[in-house]
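Residue numbers (UniProt numbering), protein chains in the order written: chain A, 1 to 401; chain B, 1 to 66.
Please keep in mind that the hints were generated in silico from the structure rather than gathered at the bench.
Given the structure is predicted, the values throughout are model-derived calculations rather than measurements.
Beta carbons are placed, not taken as given, at the ideal position from N, Cα and C, and that holds for glycine.
Don't take every hint at face value.
Unchecked claim - Which stretches of chain B does chain A cover? Using the computed rule of at least three CB atoms under 8 Å from a CB of chain A, they are:
{"hint": "1", "segment": "10–17"}
{"hint": "2", "segment": "51–61"}
To be verified - Take a look, some chain A residues computed to stay more than 12 Å from chain B by CB distance:
{"hint": "3", "residue": "Arg-91"}
{"hint": "4", "residue": "Val-95"}
{"hint": "5", "residue": "Trp-98"}
{"hint": "6", "residue": "Gly-123"}
{"hint": "7", "residue": "Arg-139"}
{"hint": "8", "residue": "Ala-176"}
{"hint": "9", "residue": "His-230"}
{"hint": "10", "residue": "Gly-250"}
{"hint": "11", "residue": "Ala-314"}
Chain residues, written in single-letter form:
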Amino acid sequence: MGRINDGVVIVGASAAGLSAADGLREVGYTGPLTVLDEEAEPGYDRPMLSKSLLAAEEHSAPAPLRTEEHLAARGIDLLAGHGAMGLDIDRRLVVTNWGEAIGWRHVVVATGVTARPMVTAGGTALPTLRTRADLAAARRLATSGRPVTLIGGGFIGLEVASALRSRGVEVTLLCATGLPLAGALGDEVAGWLHGLHLANGVRFELGAATVSVKETARGHDVRLADGRVHRATSVLAGIGAEPATDWLIGSGVELDHGVVTDAAGRTNVEGVWAAGDIAARRDPLHGRHRRFEHWTHAVEQGRRVGLNIARGEATAYDAVPYVWTEQFGLTLHLLGERRPGDTDIVVEGSVSTGDFVVVHGAGDELHGATVCGRVRALRTYRKLLRAGASLNDALGAAASA
Amino acid sequence: MTSVTVDPGRCTAYGICVGIHPEVFAVPPGSPLTVVTRDVLTEDDLEDVREAVRACPAQALRLVEG
Numbered sequence: 001m002g003r004i005n006d007g008v009v010i011v012g013a014s015a016a017g018l019s020a021a022d023g024l025r026e027v028g029y030t031g032p033l034t035v036l037d038e039e040a041e042p043g044y045d046r047p048m049l050s051k052s053l054l055a056a057e058e059h060s061a062p063a064p065l066r067t068e069e070h071l072a073a074r075g076i077d078l079l080a081g082h083g084a085m086g087l088d089i090d091r092r093l094v095v096t097n098w099g100e101a102i103g104w105r106h107v108v109v110a111t112g113v114t115a116r117p118m119v120t121a122g123g124t125a126l127p128t129l130r131t132r133a134d135l136a137a138a139r140r141l142a143t144s145g146r147p148v149t150l151i152g153g154g155f156i157g158l159e160v161a162s163a164l165r166s167r168g169v170e171v172t173l174l175c176a177t178g179l180p181l182a183g184a185l186g187d188e189v190a191g192w193l194h195g196l197h198l199a200n201g202v203r204f205e206l207g208a209a210t211v212s213v214k215e216t217a218r219g220h221d222v223r224l225a226d227g228r229v230h231r232a233t234s235v236l237a238g239i240g241a242e243p244a245t246d247w248l249i250g251s252g253v254e255l256d257h258g259v260v261t262d263a264a265g266r267t268n269v270e271g272v273w274a275a276g277d278i279a280a281r282r283d284p285l286h287g288r289h290r291r292f293e294h295w296t297h298a299v300e301q302g303r304r305v306g307l308n309i310a311r312g313e314a315t316a317y318d319a320v321p322y323v324w325t326e327q328f329g330l331t332l333h334l335l336g337e338r339r340p341g342d343t344d345i346v347v348e349g350s351v352s353t354g355d356f357v358v359v360h361g362a363g364d365e366l367h368g369a370t371v372c373g374r375v376r377a378l379r380t381y382r383k384l385l386r387a388g389a390s391l392n393d394a395l396g397a398a399a400s401a
Numbered sequence: 001m002t003s004v005t006v007d008p009g010r011c012t013a014y015g016i017c018v019g020i021h022p023e024v025f026a027v028p029p030g031s032p033l034t035v036v037t038r039d040v041l042t043e044d045d046l047e048d049v050r051e052a053v054r055a056c057p058a059q060a061l062r063l064v065e066g
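Using the sequences plus the hints, can you model the full thing?
Structure follows, in structure tokens:
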């Protein structure tokens, strides 16, 4: 580590950053390799926070993503508690919160996203669930015995609702849309999921966008878009995430709701790469930049950037989007991406039994598949989506399954 | 002969590996661990099994090439 600009510096020690480091060593990069971790304790399996760790009766710390032996064996220098404050692309330095200036030949931006804050009228940020510290606060809600109001009907909101109900906590979920996750799942699957939550005692306010939250003597008053006021005791917000690009503003690296990259992970600045949740690629379908906040995407894209740097290549990373969610003991897998207006076809099982494969598409185009229970179908549909197969191919695969 | 092993000390039956290659990995209902259902991996399995090894948040999978 130092000012000599001959090494690789990776900023961020979660899935993408560590996978980039592994990828570099995997194909023979032997130079200096430094990973900056803003958090004092090592990177951990973040998806577990809103899944089993919140539901567990005993508090258990999230597991580190890499053992010390793994890092030592690969010569990966992980600096815990070192966040990046700025990037100097002319002198090729990363400046840290400790005032260090670390030289680089290549730098990988993998600072990910932070939970979008929701701030009360009194100026207090509501608890959310994104980091290890958030988990401790969320677990206190779970054990307080008081009802909890969740703002946001996305994956985090629904997973937290499920985890809190499993601990016997009274839960009300405020959801801006008419049906949670209807865009991602289609009405039939989203309707079934909503029913699953209702059957497990979750209360809903649907079509209820939150306008403002005000502290009161007994908790919080949540003002909704239709003028109603929901009186809440404890509140937790899960309203999405924002790319952690503050430290790059003014650096010369192109930003557009994330760090803009090409398909290989390169930014507009030579030697500066980005991977994981923060990387925003041009989406040919919509003509804008977009990011993916998916675990497997971060791992594989991070690795690809590592390989590209080590080999002096610019190989594109293309994979089928994959995300999973655990709610009330069921795991829902989403492959590809359902688009607005898509037809949803049940090709295996039945939605009402929680054991199904539903494909999403339009015309003869296959866009995605949602799978619950029938996990053997996942590999089949992932291959079809990767190959650009048609909706008919998907129906044929289901018929022969 | 190539196979994949699960470290019982690290595995938390998370199931990402099942999502990537459900013909090799399984989490039986109630099981605290992932089980490997295919002892000898074929050429066709390797790409996806390698991805599962990389994706495991607990880093509990290991490819044993022999």
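Hint by hint, here is what the structure shows:
no.	hint	in the structure
1	10–17	holds (count 5)
2	51–61	holds (count 6)
3	Arg-91	holds, 34 Å
4	Val-95	holds, 30 Å
5	Trp-98	holds, 28 Å
6	Gly-123	holds, 35 Å
7	Arg-139	holds, 17 Å
8	Ala-176	holds, 29 Å
9	His-230	holds, 35 Å
10	Gly-250	holds, 34 Å
11	Ala-314	holds, 21 Å
In the structure shown, no violation is registered for any of the earlier numbered hints.
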